[in-house]
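6 protein chains.
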Amino acid sequence: MPNSSLQTLLTQTPEEGFALAVKLAQKGVEVTQPSEEIRKVLRPTYSRNADSLTAASHVIAVHFQTVAAANNYWRAWMPYYQ
Amino acid sequence: MPNSSLQTLLTQTPEEGFALAVKLAQKGVEVTQPSEEIRKVLRPTYSRNADSLTAASHVIAVHFQTVAAANNYWRAWMPYYQ
Amino acid sequence: MPNSSLQTLLTQTPEEGFALAVKLAQKGVEVTQPSEEIRKVLRPTYSRNADSLTAASHVIAVHFQTVAAANNYWRAWMPYYQ
Amino acid sequence: MPNSSLQTLLTQTPEEGFALAVKLAQKGVEVTQPSEEIRKVLRPTYSRNADSLTAASHVIAVHFQTVAAANNYWRAWMPYYQ
Amino acid sequence: MPNSSLQTLLTQTPEEGFALAVKLAQKGVEVTQPSEEIRKVLRPTYSRNADSLTAASHVIAVHFQTVAAANNYWRAWMPYYQ
Amino acid sequence: MPNSSLQTLLTQTPEEGFALAVKLAQKGVEVTQPSEEIRKVLRPTYSRNADSLTAASHVIAVHFQTVAAANNYWRAWMPYYQ
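Protein chains in written order, with the working numbering: chain A, 1 to 82; chain B, 83 to 164; chain C, 165 to 246; chain D, 247 to 328; chain E, 329 to 410; chain F, 411 to 492.
In isolation and in its complexed conformation, chain A is listed as follows (with noise of 0.2 Å):
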């Protein structure tokens, strides 16, 4: 099942960013390995090993960089800012 189609940065919430810059993340490694099913097997070993994850995590923030820079920080709903 690969990711659908990107069509846009902009979400609701920083919860839903955060989601986004995961997905984006996932992509990155999809275009490198396309195959879901060689992805399965590196899953367990990765996903049990913390600098892994810590890697995994590094490339979330600097997708959610990408990702919150292009919603404005969803600051547009707050007064203060205005």
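The reader is advised that the hints may include incorrect statements.
As the list claims (entries may be wrong) - Covered stretches of chain C (in silico footprint by chain A; criterion: 3 or more residues with CB under 8 Å from a CB of chain A, positions within the stretch not fixed):
id, region
1, 205-217
2, 230-237
Claimed, not checked - Result set (DSS-like, lysine-lysine): computed pairs, CA atoms no more than 27 Å apart in a straight line:
id, chain 1, residue 1, chain 2, residue 2
3, B, Lys122, A, Lys40
4, C, Lys187, A, Lys40
5, F, Lys433, E, Lys368
6, A, Lys23, C, Lys187
7, B, Lys122, B, Lys105
8, B, Lys122, A, Lys23
9, D, Lys286, F, Lys450
10, A, Lys40, C, Lys204
11, B, Lys122, D, Lys286
12, A, Lys23, A, Lys40
13, F, Lys450, D, Lys269
14, E, Lys368, F, Lys450
15, D, Lys286, B, Lys105
16, F, Lys433, E, Lys351
17, B, Lys105, A, Lys23
18, E, Lys368, C, Lys204
19, D, Lys269, F, Lys433
20, C, Lys187, E, Lys351
21, D, Lys269, B, Lys105
22, E, Lys351, C, Lys204
Stated by the list, open to error - Here are a few chain E residues that sit away from chain C, every Cβ distance over 10 Å (derived from the structure):
id, residue
23, Ser332
24, Ser333
25, Leu334
26, Gln335
27, Leu338
28, Glu358
29, Val359
30, Pro362
31, Ser363
32, Glu364
33, Glu365
34, Ile366
35, Arg367
36, Lys368
37, Val369
38, Leu370
I should point out that these hints are in silico values taken from the structure, not numbers from a laboratory. Just so we're clear, the structure is a prediction, and the values are computed from it rather than from any experiment. We treat Cβ as the ideally placed atom computed from N, Cα and C, and that holds for glycine.
Starting from the known structure of chain A, arrange chains B, C, D, E and F on it as the hints suggest.
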């Protein structure tokens, strides 16, 4: 105990912003390894490895960039920049 | 088959922007190791190593930041921000 | 001795800003490994490993980006840019 | 043969900007290891290691962010954004 | 010989800005390992390791982003952007 939903990136102080960055880094690990049990098993090892700690600090630093930008670096209260 | 010359960072959609980020990440490898033959030899190993895949996804994430910023996060079509 | 609470990202000079970046990098380690005793045990090893030192310098660099941006790169005192 | 002095970050096209990013990444290696002889000895090994190639591509990606921003993402010639 | 105090991020040229980025990367190592003697012992090994050199180049790249932004990418002298 999952992280509560992420509603906003705005915080009152840099200290709270840093705490949010830590939470985001952990959230990135949790989505990759949802089992709290497994994460607890990994913790004693990586938290006593200097390179693992530096890597964790790195992810926090990336998220802190995002949170700090979202809060306009908490400069709104600083007359100097107005 | 070298990558074609890079003429623009602008794309119609985030999906195309992500594909460009992937291409840029590959281009960075190609300039360092121009031999397609050698790169092909390396591929089966690293594409079955979870940490290598995460590292590849990381580079894509950095380029996606650039491409997304270049495209103003594809926000031009969003009336909300105008 | 925990780091004192982080009240502001503003500093008078780049030198002080760099010191703050170092403090933030250490803070990221401290939240992950709160025991000062354990951190002290780790220090002699990683501080004599070149790759560990480079990794530590990397985290400082990321925080220095944040602190420098927060201070508008300390340009306010530079007539050139006004 | 040292890199020629860096006079500007501006380039005519993204393609030239990418080439500049590659040059900057090499320059960072050269200042750390000025001996061209030693660098040549290292090259055959790391250029046949997939993780080393990904790491090199990563550094290029970071510099490409800088060069692309310096050139305003080469958008000046795009009527769309004016 | 410690680095002299950091007074400004502004430089006349990109070349000088790159030199400052190198200095900042070294400064990050020095604050973590203040002993020049120990750093000298480590140098021969890491400066002959390709991955260590790439990692050092990476840190320089991050600082160069900061320095380049601080100097508005040295664009002030470019009539094109005015």
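Tested hints:
Requiring three or more residues with a Cβ within less than 8 Å of a Cβ of chain A, the coverage given for the region 205-217 of chain C holds, as 6 such residues are present. Counting residues of the region 230-237 of chain C whose beta-carbon sits less than 8 Å from any beta-carbon of chain A gives 3, enough to reach three: the coverage restraint holds. A hinted pair counts as satisfied when its Cα atoms are at most 27 Å apart, and Lys122(B) with Lys40(A) qualifies at roughly 23 Å. A distance of roughly 25 Å separates the Cα atoms of Lys187(C) and Lys40(A); the hinted pair therefore holds under the 27 Å criterion.
A distance of roughly 25 Å separates the Cα atoms of Lys433(F) and Lys368(E); the hinted pair therefore holds under the 27 Å criterion. About 19 Å separates the Cα atoms of Lys23(A) and Lys187(C), which keeps this hinted pair within 27 Å; it holds. For the hint linking Lys122(B) to Lys105(B), the alpha-carbon distance of about 16 Å falls within 27 Å, and the restraint holds. Taken as a hint, the Lys122(B) and Lys23(A) pair is honoured in the structure, with Cα atoms around 25 Å apart against an allowance of 27 Å.
For the given pair, Lys286(D) sits about 23 Å from Lys450(F) by alpha-carbon distance, which is consistent with the 27 Å threshold. Between the alpha carbons of Lys40(A) and Lys204(C) the distance comes to roughly 23 Å, so the proposed pair stays at or under 27 Å and holds. Pair hint Lys122(B) plus Lys286(D) holds up; C-alpha atoms about 23 Å apart against a cutoff of 27 Å. Distance restraint check for Lys23(A) and Lys40(A): the Cα-Cα separation of roughly 16 Å lies within the 27 Å cut-off, and the hinted pair is therefore satisfied.
Of the pairs offered as hints, the one joining Lys450(F) and Lys269(D) holds, with about 25 Å between alpha carbons and a cut-off of 27 Å not exceeded. A hinted pair counts as satisfied when its Cα atoms are at most 27 Å apart, and Lys368(E) with Lys450(F) qualifies at roughly 23 Å. For the given pair, Lys286(D) sits about 25 Å from Lys105(B) by alpha-carbon distance, which is consistent with the 27 Å threshold. For the proposed pair Lys433(F) and Lys351(E), the alpha carbon gap of about 19 Å is at most 27 Å, so the pair holds.
Taken as a hint, the Lys105(B) and Lys23(A) pair is honoured in the structure, with Cα atoms around 19 Å apart against an allowance of 27 Å. Pair hint Lys368(E) plus Lys204(C) holds up; C-alpha atoms about 23 Å apart against a cutoff of 27 Å. A distance of roughly 19 Å separates the Cα atoms of Lys269(D) and Lys433(F); the hinted pair therefore holds under the 27 Å criterion. Taking the CA atoms of Lys187(C) and Lys351(E), the gap is near 19 Å; set against the 27 Å cutoff, the hint holds.
Simply put, Lys269(D) and Lys105(B) have alpha-carbon atoms about 19 Å apart, close enough for the 27 Å limit, and the pair holds. A hinted pair counts as satisfied when its Cα atoms are at most 27 Å apart, and Lys351(E) with Lys204(C) qualifies at roughly 25 Å. Its beta-carbon lying about 18 Å from the closest one in chain C, Ser332(E) satisfies the requirement of being farther than 10 Å from that chain. Against chain C, the non-interface label of Ser333(E) holds: every CB pair exceeds 10 Å, the least being about 22 Å.
The Cβ of Leu334(E) sits about 18 Å from the closest Cβ of chain C, beyond the 10 Å cut-off, so the non-interface label holds. With a cut of 10 Å on Cβ distances, Gln335(E) stays outside the contact zone with chain C, its closest approach being about 22 Å. The beta carbon of Leu338(E) sits about 15 Å from the closest Cβ of chain C, which is more than 10 Å, so the claim that it is off the interface holds. Residue-level check passed: Glu358(E) sits 15 Å from the nearest beta carbon of chain C, beyond 10 Å.
For Val359(E), the shortest C-beta to C-beta distance to chain C comes to about 18 Å, beyond the 10 Å cut-off, and the non-interface label holds. Once the 10 Å rule is applied to beta carbons, Pro362(E) is consistent with being away from chain C; the minimum gap is 20 Å. Separation of Ser363(E) from chain C is adequate, the least Cβ-Cβ distance of about 19 Å exceeding the 10 Å criterion. Listed as a non-interface residue, Glu364(E) keeps its Cβ farther than 10 Å from every Cβ of chain C; the least gap is roughly 17 Å.
Its beta-carbon lying about 19 Å from the closest one in chain C, Glu365(E) satisfies the requirement of being farther than 10 Å from that chain. The Cβ of Ile366(E) sits about 17 Å from the closest Cβ of chain C, beyond the 10 Å cut-off, so the non-interface label holds. Every CB of chain C is more than 10 Å from the CB of Arg367(E) (nearest about 13 Å), matching its label as outside the interface. Annotated as non-interface, Lys368(E) keeps its C-beta farther than 10 Å from every C-beta of chain C; the closest such distance is 14 Å.
Under the 10 Å C-beta cut-off, the non-interface status given to Val369(E) relative to chain C holds; the minimum distance is some 16 Å. No beta-carbon of chain C is positioned within 10 Å of the beta-carbon of Leu370(E); the least distance is around 12 Å.
Checked against the numbered hints given earlier, this structure breaks none of them.
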